[in-house]
Amino acid sequence: MAKVNISLDAELVVEVMVLAGVGSPQDAVEAVVRDYIARGHRTEARTELTEQSLREVEATPQEPQG
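Counting from 1, position 57 in the sequence shown corresponds to residue 57 in the UniProt record's numbering; the numbering is continuous, with no gaps.
Derived by calculation from the structure, the hints in this document are not laboratory data.
In this text the structure is predicted, and so the values were computed from the model without any measurement.
In this text, a Cβ means the ideal position worked out from N, Cα and C, and glycines have one as well.
Among the clues, some could well be false.
The following label-pair restraints were derived from C-beta to C-beta distances [as the list claims (entries may be wrong)]:
1) 22 / 50: 28 to 38 angstroms
2) 63 / 41: 15 to 25 angstroms
3) 48 / 11: 30 to 40 angstroms
4) 51 / 24: 35 to 45 angstroms
5) 1 / 22: 12 to 22 angstroms
6) 51 / 12: 17 to 27 angstroms
7) 36 / 10: 15 to 25 angstroms
8) 45 / 65: 32 to 42 angstroms
Model the full assembly from the supplied sequences, consistent with the hints where possible.
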């Protein structure tokens, strides 16, 4: 996998390290990025299920009213 080098504010990285309980700046930032991606995938999955169930409800023929 390709690697990317970036510069971040030291205070930001230290705070991430403390919150993540990780001793390495590289590992801490990587953990945050992986968590962000996983959260996005979970949101997509939930949204897809909701949209699918709404489509099924709309597709069900309704009984005549009145």
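Outcome of the hint check:
1. 22 / 50: 28 to 38 angstroms: About 34 angstroms separates the Cβ atoms of residue 22 and residue 50, which means 28 to 38 angstroms holds.
2. 63 / 41: 15 to 25 angstroms: violated, 39 angstroms
3. 48 / 11: 30 to 40 angstroms: holds, 38 angstroms
4. 51 / 24: 35 to 45 angstroms: holds, 40 angstroms
5. 1 / 22: 12 to 22 angstroms: 20 angstroms Cβ-Cβ, so the 12 to 22 angstroms window holds.
6. 51 / 12: 17 to 27 angstroms: violated, 36 angstroms
7. 36 / 10: 15 to 25 angstroms: Roughly 21 angstroms apart at Cβ, these two residues keep to the hinted range, so it holds.
8. 45 / 65: 32 to 42 angstroms: Holds: the Cβ-Cβ distance is about 35 angstroms, inside 32 to 42 angstroms.
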